[in-house]
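Undergrad: Sequence:
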Amino acid sequence: GEYNASCQLYPILKRPDEKYVTERAYNDPKFVEDIVRDVATDLLAMMDAERIAWFYVSSNNYESIHNHDAFAKVERGVRGPLLTYRKEAQNELTI
0 GEYNASCQLY PILKRPDEKY VTERAYNDPK FVEDIVRDVA TDLLAMMDAE RIAWFYVSSN
60 NYESIHNHDA FAKVERGVRG PLLTYRKEAQ NELTI
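For the sequence shown, position 28 (counting from the first letter as 1) is numbered 27 according to the numbering used here, and the numbering increases by one without interruption.
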């Protein structure tokens, strides 16, 4: 997921590194919906390979210029007790 952002993510940076990361992100701008879509595409491939059964992706851009923030989210698959029930039912059908 981290590689779907405008640039690699870092928890803390020194000033010279901050300049490099900011310039790199500026050269590959993405909206929140682009990031969510790209991450979801990777996760859907994992669902097709049955590596995961459910995912939730959200992205929020806290605007400093506008009076609103930008937010996007997507959720796919089945989770929790319903997933267990569906797997048990599927096993009964294949026996």
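Honestly, I wouldn't trust all of these hints.
What the hints assert, rightly or not - Straight-line Cα separation of at most 25 Å, PhoX-like style, residue types lysine-lysine; simulated pairs:
no., residue 1, residue 2
1, LYS18, LYS29
2, LYS29, LYS13
3, LYS18, LYS72
Said to hold, decoys possible - What follows is a set of in silico ranges between Cβ atoms, one per label pair, in the way DEER data are often shown:
no., residue 1, residue 2, range
4, ARG75, TYR19, 27 to 37 Å
5, GLU22, VAL77, 39 to 49 Å
6, PRO10, HIS65, 39 to 49 Å
Quick caveat, the hints were computed from the structure, so don't treat them as lab data. Idealized CB from N, CA, C, for every residue including glycine.
Undergrad: State for each hint whether it applies.
TA: Against the structure, the hints:
| no. | hint | result |
| --- | --- | --- |
| 1 | LYS18 with LYS29 | 18 Å, holds |
| 2 | LYS29 with LYS13 | 24 Å, holds |
| 3 | LYS18 with LYS72 | 29 Å, violated |
| 4 | ARG75 with TYR19: 27 to 37 Å | 35 Å, holds |
| 5 | GLU22 with VAL77: 39 to 49 Å | 42 Å, holds |
| 6 | PRO10 with HIS65: 39 to 49 Å | 26 Å, violated |
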